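**Student:** Next come the chains, spelled out residue by residue.
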Amino acid sequence: MTRNSREESAAPTRGDALLRVEGFSLDLAPGREYLSVLNDIDLEVRSGEVVGLVGESGSGKSTLAMSLMGLVPKRISRQRSGRILFNGVDVTALRERDLRAIRGRDVGMIFQEPMTALDPAYRVGDQVAEVIRRHRGVSRAEARAQVIEDFRLVEISDPERRADAYPHELSGGLRQRVCIAMAIACRPSLLIADEPTTALDVTTQAQILELLRRLRAEMDMSIVLISHDLAVIAEFCDRVLVMYAGQIMEQAMIDPFFVRPRHPYASALLQALPENQPPLNELSVLPGSPPPLGYVAPGCRFANRCEFAQAGRCDTHAVSLSPTDAGEVRCIRADELVLEGAGQ
Amino acid sequence: MLTFTIRRLLTLVPQLLVAALVVFVLTSLLPGDAAIARAGGESATPELIAQYRAQLGLDKPLVERFIDFVVHAATGDLGISFSTSEPVSDILLRKVPVTLSLVLLGFIFAILIALPLATIAALHPRGIADRISLAVATSGIAIPNFWFAILLVLLFSLTLRWLPATSYVPFSTDPLQWFLHLLLPAITLGHALAAELTRQLRASLGDHLRRDYVRTMRSAGLSEISVVGKHALRSALGPAVTTLGLQVPIAIGTCVVIEAVFDLPGIGSQMVQAVFSRDIQVLQGVILFTVLLVVVASFLTDLAYALINPKVRVQ
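One line per chain: the protein sequences are A and B, in this order.
In this text, residue positions in the first sequence follow my numbering: the first is 9, and each later residue adds one.
In this text, residue positions in the second sequence follow my numbering: the first is 15, and each later residue adds one.
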């Protein structure tokens with residue numbers, strides 16, 4: 009499917025935000041002290057839209073994904089500001105039992121490691137059936153029939169036999185399909201996919217992405233796809249959000265973004281893609297490493313690694329998001345710079 | 015599962031044979047001579063000693079005596095006590111229920127302490143329950159059983175007069191009295207067993223609660239009761255079940271002390287008595303029984319493990 013036809017098919021429902029995150033900040037306490045992990049996150053996912061969330065390890069992508077459904081343990085976290093509206097309801101203010109009713113029914117989640125994402129002690133079909141029974145209150149037989157149907161939907165061959173298998177009897181690709189079947193079992197309006205293909209080999213990766221694309225079209229579901237792989241994002245998403253050190257650095261429609269990113273960090277990521285570099289050259293890499301968890305620079309968080317940073321300008325004041333023609337960017341020099349995108 | 019059970023059952027036969035051999039050799043090597051003891055000591059005439067030796071079958075070669083021992087044991091004939099002339103199987107039938115009751119109640123008690131304590135502790139690390147579970151584990155390991163038993167007797171029997179301090183009432187006579195008489199001994203045993211079990215379960219449940227599948231279950235909106243009770247706890251029980259199985263022989267050993275403190279007519283006190291009277295036949299019977307108990311316990315452990323973990327069944 010081309011990008012244009014995808015946009016057209018989703019057009020009628022466009023405009024109403026299914027998920028809207030406003031000024032969300034979160035601290036985590038992995039040890040004794042709270043560290044700032046997410047800072048002033050704004051994002052919006054419209055009905056039927058596929059939004060990509062990209063960033064290095066430790067940028068806060070997964071924490072953000074978990075926060076969307078209140079899955080970060082309250083014991084070790086502290087919300088500093090903001091709200092997360094799903095269908096107009098503030099998720100951060102919901103009680104745990106109301107959250108549980110939404111999870112799995114209105115929002116499905118899939119994760120990176122299909123190898124460990126399923127309970128090794130139960131048959132995979134029973135695990136999916138438990139989720140269906142939890143949200144729909146149907147009988148065992150009905151749930152089982154639905155499981156078989158869903159397994160067919162996610163292209164698991166011989167679904168009756170596979171439903172009776174234990175996780176260790178299935179390949180990584182099959183397990184991820186089971187996880188997808190579980191996530192979409194209640195036909196959610198939003199699917200959060202946290203690195204769904206990272207642990208899979210390339211062929212399986214392509215199949216899983218193709219499956220997700222098909223399911224999105226058939227079920228008119230919004231998807232938040234978290235990945236560190238820009239190639240996957242480019243292939244799959246309508247819009248992209250670039251995260252760095254707990255902040256959203258740039259938010260843009262996919263087409264202008266890849267050709268003309270507005271944030272130096274986004275530009276550096278795009279140029280570091282191996283497929284965009286001439287063969288036999290040394291790979292261009294982004295020097296330095298992201299700041300440690302919780303470290304907050306006085307100015308722009310990317311300034312110390314940025315080749316366009318200007319002393320006295322970039323490292324003095326915190327930078328806020330400002331609108332661009334295709335989205336938003338968190339860089340005070342955005343209008344002065346013309347940055348390179350993926351190798352043209 | 016059925017083939018696993020049968021295969022595992024078949025391995026019991028050689029296990030028991032080896033155990034019987036060890037028991038036989040060990041008791042034969044015991045210093046002292048039952049025939050001399052029977053004849054009234056070293057001052058007895060050689061003729062009398064030889065007569066008793068023939069009567070007890072001690073004049074036959076070791077191999078023949080071992081085969082006799084196994085064949086008879088298999089048919090339930092464990093010989094006749096050297097000191098009381100009572101059939102060993104009758105003695106066992108009388109004493110085994112006491113010890114079995116004690117061990118069973120002790121394990122139930124241990125599980126009743128460990129399971130809720132470990133679960134709450136794992137759900138709230140560094141919380142109150144976590145501290146209590148650590149205290150239980152430490153005290154269970156550190157406090158000697160006989161001392162703990164004496165403390166219980168002092169408090170509940172002598173001061174409060176709630177529970178009997180000694181003797182045993184068979185279950186068939188009066189179930190309530192049976193339970194009341196065994197309560198303090200079972201608490202003593204259970205306290206010791208709960209220590210290891212709580213620690214093991216607390217650690218393994220804490221580990222499983224951090225696993226990816228728990229996150230998956232939570233993200234699918236399952237209730238905490240299902241996530242913890244049905245999913246995490248089931249897998250976490252694996253190591254705990256192993257611990258339980260390994261504790262059976264320890265529990266029987268502990269019974270020797272506990273039966274002495276509470277004056278219970280069980281296997282433990284019988285074993286001590288048999289050792290002092292050089293009653294090899296009784297000793298063999300008692301040890302054979304405890305070995306049987308341990309072997310069966312390890313069989314049940316494996317079975318439980320296979321029930322919990324489907325991967326074990328295929329191997």
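These are computed hints drawn from the structure, not numbers from a lab.
There may be inaccurate statements among the hints.
Pulled a few chain A residues facing chain B out of the computed Cβ check, cut under 8 Å [unchecked claim]:
hint	residue
1	103
2	106
3	108
4	113
5	119
6	124
7	126
8	143
9	146
10	261
11	263
12	266
13	316
Keep in mind that this is a model prediction, so the values were computed, not measured.
Every residue gets a Cβ at the ideal spot worked out from N, C-alpha and C, and that includes glycine.
**Student:** For the restraint on residue 126 of chain A, tell me whether the closest CB of chain B is nearer than 8 Å.
**Tutor:** Check passed: Cβ of residue 126 of chain A comes within 6 Å of chain B, closer than 8 Å.
**Student:** Is the interface hint for residue 113 of chain A satisfied, with its Cβ closer than 8 Å to some Cβ of chain B?
**Tutor:** holds, 6 Å
**Student:** With 8 Å as the cut and Cβ atoms as the points, is residue 108 of chain A at the interface with chain B?
**Tutor:** Holds: closest Cβ of chain B sits about 5 Å from residue 108 of chain A, inside 8 Å.
**Student:** Are residue 263 of chain A and chain B close enough, Cβ to Cβ, to be under 8 Å, as the hint says?
**Tutor:** violated, 32 Å
**Student:** Would the stated hint for residue 266 of chain A survive a check requiring a Cβ distance to chain B of less than 8 Å?
**Tutor:** violated, 31 Å
**Student:** Min Cβ distance, residue 146 of chain A to chain B: is it shorter than 8 Å?
**Tutor:** Given a least distance of 15 Å, the restraint on residue 146 of chain A is violated.
**Student:** Do the numbers back the hint for residue 119 of chain A, that is, is its least Cβ distance to chain B under 8 Å?
**Tutor:** holds, 6 Å
**Student:** With a cut-off of 8 Å on the beta carbons, see whether residue 316 of chain A makes it to chain B.
**Tutor:** It is violated, given that the least Cβ distance between residue 316 of chain A and chain B is near 39 Å, above 8 Å.
**Student:** Given a cut of 8 Å on the nearest C-beta pair, is the interface hint for residue 103 of chain A held or broken against chain B?
**Tutor:** With Cβ-Cβ at 13 Å, over 8 Å, it is violated.
**Student:** With a cut-off of 8 Å, does the beta carbon of residue 124 of chain A approach a beta carbon of chain B closely enough for the hint to hold?
**Tutor:** For residue 124 of chain A, the interface hint holds, since the closest Cβ of chain B sits about 4 Å away, which is under 8 Å.
**Student:** The hint names residue 106 of chain A as touching chain B; please verify it with the least Cβ-Cβ distance against 8 Å.
**Tutor:** Violated: closest Cβ of chain B sits about 10 Å from residue 106 of chain A, beyond 8 Å.
**Student:** Taking 8 Å as the limit, does the beta-carbon of residue 143 of chain A come near enough to a beta-carbon in chain B?
**Tutor:** OK, holds: residue 143 of chain A within 8 Å of chain B, min 6 Å.
Checked against the numbered hints above, the structure violates hints 1, 2, 9, 10, 11, 12, 13; every other hint is satisfied.
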